[in-house]
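Protein chains: 2
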Amino acid sequence: MSSSSSTSLYLTNPHLTRHTSSPSTTRLSSLPSTITLNRTPTPTTHLSQSHHLRHTAIHASVSAPPSTTTDSSLVEKSVNTIRFLAVDSVEKANSGHPGLPMGCAPMGHVLYDEVMRYNPKNPFWFNRDRFVLSAGHGCMLQYALLHLAGYDSVKVEDLKQFRQWESRTPGHPENFETPGIEVTTGPLGQGIANAVGLALAEKHLAARFNKPDNEIIDHYTYCILGDGCQMEGIANEACSLAGHWGLGKLIAFYDDNHISIDGDTEIAFTESVEKRFEGLGWHVIWVKNGNTGFDEIRAAIKEAKAVKDRPTLIKFTTTIGYGSPNKSNSYSVHGSALGAKEVDATRNNLGWPYEPFHVPEDVKKHWSRHIREGAALESEWNAKFADYEKKYKEEAAVLKSIISGDLPAGWEKALPTYTPEIPADATRNLSQQNLNALANVLPGLIGGSADLASSNMTLLKKFGDFQSDSPAERNVRFGVREHGMGAICNGIALHSRGLIPYCATFFVFTDYMRGAIRLSALSEAGVIYVMTHDSIGLGEDGPTHQPIEHLASFRAMPNILMLRPADGNETAGAYKVAVLNRKRPSILALSRQKLPNLAGTSIEGVEKGGYIVSDNSTGNKPDVILIGTGSELEIAYKAGEDLRKEGKAVRVVSFVSWELFDEQSQAYKESVLPTAVTARVSIEAGSTFGWEKIVGSKGKAIGIDRFGASAPAGTIYKEFGITKEAVIAAAKELI
Amino acid sequence: MSSSSSTSLYLTNPHLTRHTSSPSTTRLSSLPSTITLNRTPTPTTHLSQSHHLRHTAIHASVSAPPSTTTDSSLVEKSVNTIRFLAVDSVEKANSGHPGLPMGCAPMGHVLYDEVMRYNPKNPFWFNRDRFVLSAGHGCMLQYALLHLAGYDSVKVEDLKQFRQWESRTPGHPENFETPGIEVTTGPLGQGIANAVGLALAEKHLAARFNKPDNEIIDHYTYCILGDGCQMEGIANEACSLAGHWGLGKLIAFYDDNHISIDGDTEIAFTESVEKRFEGLGWHVIWVKNGNTGFDEIRAAIKEAKAVKDRPTLIKFTTTIGYGSPNKSNSYSVHGSALGAKEVDATRNNLGWPYEPFHVPEDVKKHWSRHIREGAALESEWNAKFADYEKKYKEEAAVLKSIISGDLPAGWEKALPTYTPEIPADATRNLSQQNLNALANVLPGLIGGSADLASSNMTLLKKFGDFQSDSPAERNVRFGVREHGMGAICNGIALHSRGLIPYCATFFVFTDYMRGAIRLSALSEAGVIYVMTHDSIGLGEDGPTHQPIEHLASFRAMPNILMLRPADGNETAGAYKVAVLNRKRPSILALSRQKLPNLAGTSIEGVEKGGYIVSDNSTGNKPDVILIGTGSELEIAYKAGEDLRKEGKAVRVVSFVSWELFDEQSQAYKESVLPTAVTARVSIEAGSTFGWEKIVGSKGKAIGIDRFGASAPAGTIYKEFGITKEAVIAAAKELI
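Going line by line, the protein sequences match chains B and Y. Sequential numbering from 1 applies to the first sequence in UniProt numbering. Sequential numbering from 1 applies to the second sequence in UniProt numbering.
Isolated chain B, as found in the complex:
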């Protein structure tokens, strides 16, 4: 879809004509009169020309003046170093993706050597520019760049261990393995959405903390994404929001190489990406020669930085596997080692006489400055922060806590507590009480809903909406974009340790955002997922909206906390756990319907995952143990009361988080669920899958192993047998 956009506007001196700080004059819409001069399409060989609408190009295309770099041969050498570090690492692993690093080495070089501000000896320096490789399979590009830039995380030994057990150079970029990697990518489209979150965080914090005399927060977010990312829906969702929010410091590099795994992108991807992004409110630039047009690349980035009111997409037309004489520009170079013969041919073709993994001395020397320059950048910033601290003591303290992630002392005292006398309420409402209480004490709490704020009850009452003209506010309006929302929150969480993003939708729609939720768990992003309407209890909306298997599906996922609180105290406990777990995301499943505050529930109980709520047994020998979660704890509780009236010794257990219970000592577990007591009944308005672990082979799990139904909630509960009577009957069978 790229080169078939057949007419373009060439600006021979973009610096004069386009680099203006006035938003109105940088708008593309001011240019059509020029564009219409160039309307006649030029010939093209693309397959789709006859079938698809090819609009007159109305994006700007940069054709820069000849290079002014003093030593362009060194640049070329550096770029080839990047290419061969990638080629050699993939070859040694006999596994990996050489194509993207070879094609994107020029833009990678310009970014890491000329544009980005970072300190290689402190990858966590707060005010660094962020870089995201959304096309994560091309990770050797980034590893090579980190290596050249002097990061300790990627030594030459690490490159030689590419894709090997316990190496710091895994098959896709993983933030938790390799300092210098900001987020975990690979599943396509996630990275660009993370980048939107990183840029949101920068804009938000800058708005809150910058002062006219001290812009203490000021960095860019750069992202490379490929055709694959562009096809993913999540990318469109996130980029629509980036345009809406006017994230001017987000600059995305679209590697338009026309090749995806199945071959030429023409077989499935003939849309006009430029036109779509213009529709999304982005500034769009096309660098036609992404392979060797270094000045074009530099000019495009300069132009992008000058456009401050909108994010910029720079489309780079590149050749995948550039330099490989027989495999470049084909899918065969995408995801396999070149093979010894083609590596030799590529060395010959690019004039590269060096042995594998060699970095020429002049290239090494050229890059070595980044260590001292990076240290200087951080020092300067530290001095700036010291000034800031002197003048703005209070703000500086808050900012420090957001940077460090240290929670304010005693923050948990803000959590509300509840007694049985307090009227029944939906846990989604109780959640809102907690969120608003926490907003008073947690400076990094920020979030919102996917267009269900009034149903998810997620508005922070003391704040306004985060919008392009009010970025200091903390209520984020994600629109109906669940997947993008989750990935944006991952970006926010991984921007600063003290940012605590939360996001919300109906629990069933975790299905739409599961890719992002899994990456929260894997990349240790402590996002809080506020998931309301958590069962058939939502009633009339019916089976499309009623989660059934979702609790089980998350209990099976590693490194995530699935919490289903039963009332006010348990909701507060769930928030306490969620806030404390900064490297493990939490999902709170919350009810639409009202639930009573039960005697015996507690924040401390929630922290243990499973605990006794009521009990009339002695010697750890109840006749029966009734186990419930969330809205069904009430049912278990009342069944227990009835059974006790019949003289039974009944223990009622809340099982709010299986993961937390699993982490308790054997002695504690035995004190709650004694091995000797096999008469156990569980009740939960969801799939019984997995409950055998808790109730044992002789116990009984009451649940729902079918889809839901559209009817008033009470009717469905009764028809599906999620009732006190069912618990009592099951208990009597077992006693």
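Be careful, since some hints might not be right.
Because identical chains share one entry, a pair is satisfied inside a single copy or across any pair of copies.
Claimed, not checked - The list that follows gives simulated cross-link-like pairs (lysine-lysine, DSSO-like), each with its CA atoms no further than 30 Å apart:
#1 K391 with K308
#2 K390 with K121
#3 K305 with K364
#4 K648 with K698
#5 K576 with K77
#6 K341 with K594
#7 K718 with K92
#8 K302 with K364
#9 K698 with K621
#10 K92 with K594
#11 K693 with K648
The hints are simulated quantities; they were obtained by calculation from the structure and are not laboratory data. If you're wondering where the values come from, they're calculated on a predicted model, not measured in any experiment.
Using the hints, position chain Y against chain B.
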């Protein structure tokens, strides 16, 4: 984003200037010279004007000549009937969404009364036009229309039972509850993607079966979608494909009412939808008066039909809750009953003197013709088919089987069988053998991969690619669009009973398409999900690509078959099951790595879900039962061999599908897993969650309860303890 597109091209007689069958002249790109005359923006009050790029509108806007309808007051009365049937039903249920039906009643009326071809007495008539309400919450619109049109599924009693237990008018449209509903919608964005699948099916079948003298297949797909659908990434994915495929008979109505649940769409949705759709290759029309501009609506549909090489998006600017004096144009009318007072006010405002649920006689009489007209349409088509059958006997027979869903006799004989002598192979390769074998005998098999055809091994070798200029072919290239792919396949499956769509990606990326997969299960769409690279066995790509919790997550989902075959025979068995289960989707988890063909595996075994593969015990009393699935069955098998050498009586069981095993008789289950034998060891390279059900409290489940790692597959298996040695050690502990 709608009315702020401030300049438009008014065509006073669209019939003369735009309704031409030549693609080149209907292209929007032919119009810019006209457009540039109108460049000056007109004033606008929209919030985003100052922050977002507002391009000169280059879509066509239809302002039609005055109505030529003979009785426009009857049309208005009919439209108000639709509105009040919706209002009254929601009011009686005290639950539901009146806003959309009130706003979309005009377009609904024109569609069902004037445009669409259907037979109310046979909702399954093959050549009917398909209608999808992607904004499924507005289902009362469709129920009211089905009621007026004479469908037996929606009598007035049904309307009065809206959202009640076991009614045929559930809270969102459900194809399995209500004949006349094509697909199940509600989760936003799914419907438009389903519609793309329905339109694909029509285009594909028309290309295969139509003859110059007999166009036996010829129908349209209409879809109403709202702002919510537009924000969802899945919609962009599917619409990008619709544009790529040139689905000219897909006409989507975008209800641009500027309101979503959280308020004005300006808070989160300020992109130019028109511009995005033009980028996606659609024809775009804007009906500015969607409330009362009936001739505009008619003209737009006529124009859309005339554009044959591209799908059309008609943006209708409407007022949500039209007619409600105090609640229209606000979120409060979106998802709640109006309340008695506002219902009265709306009755007054629209001059509606009738009691609830009343259909005025003249309206009733007007609509009554659809019963005879529908019958006539079907009769005509039947006659046409009789002609077709006479001339094209062979094609007619195939088409009949696609319509009826009857599988050809003996089709299952095409499935390959395997013996242990056949070299080891990856089940993804064995899957390809099966798919290609089935393609020879199943005329309705059609599908493809999300840009991983060469990894998923899904190409049908005897067919070419389904493309805009080769729609009779059967390899569908979905691009990297998993969610859209799944939903498109749901549309294909629900178009004709004999269409058997399959789709493919890496198993871990079911996370991206879970919303669609769940709807396959709920809406009884027998899609076959070919999910390869099903464990850590994929090796170096690492944890982002390695499924862990996915098997458990689907075993917990209702009405879906999760199959994990171990070798050639089991892969064939999995396909047999998948093809036979036309109302239950199947997921096949397939290996990247080679697996040996084991003695004792069989198609028949797979059909039982769990079965004995090898056994040296007698009297149903083995010392230990070793249980494996997929790639780990080999490990269990070899552990059994070793243990037998030590004199143990060992049974090895394949547990390829838990769901199918659950459906077997108690006696059969006991014959495989005797209650008395508690020494059981399972091994599966995935989460152990749920395995307690199979191995019991005393058994041992070997699995992976953490994320994977990037390394060669053999190394990860060893480091994670997924080994024969681990099975033997566990077995010895239990015996």
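Hint check results:
no. : hint           : verdict
1   : K391 with K308 : within (28 Å within a copy, 67 Å between copies)
2   : K390 with K121 : within (27 Å within a copy, 80 Å between copies)
3   : K305 with K364 : within (29 Å within a copy, 63 Å between copies)
4   : K648 with K698 : both (19 Å within a copy, 28 Å between copies)
5   : K576 with K77  : neither (54 Å within a copy, 57 Å between copies)
6   : K341 with K594 : between (70 Å within a copy, 27 Å between copies)
7   : K718 with K92  : between (63 Å within a copy, 22 Å between copies)
8   : K302 with K364 : within (26 Å within a copy, 67 Å between copies)
9   : K698 with K621 : both (16 Å within a copy, 21 Å between copies)
10  : K92 with K594  : between (61 Å within a copy, 22 Å between copies)
11  : K693 with K648 : both (24 Å within a copy, 28 Å between copies)
Consistency with the previously given hints fails for number 5 only.
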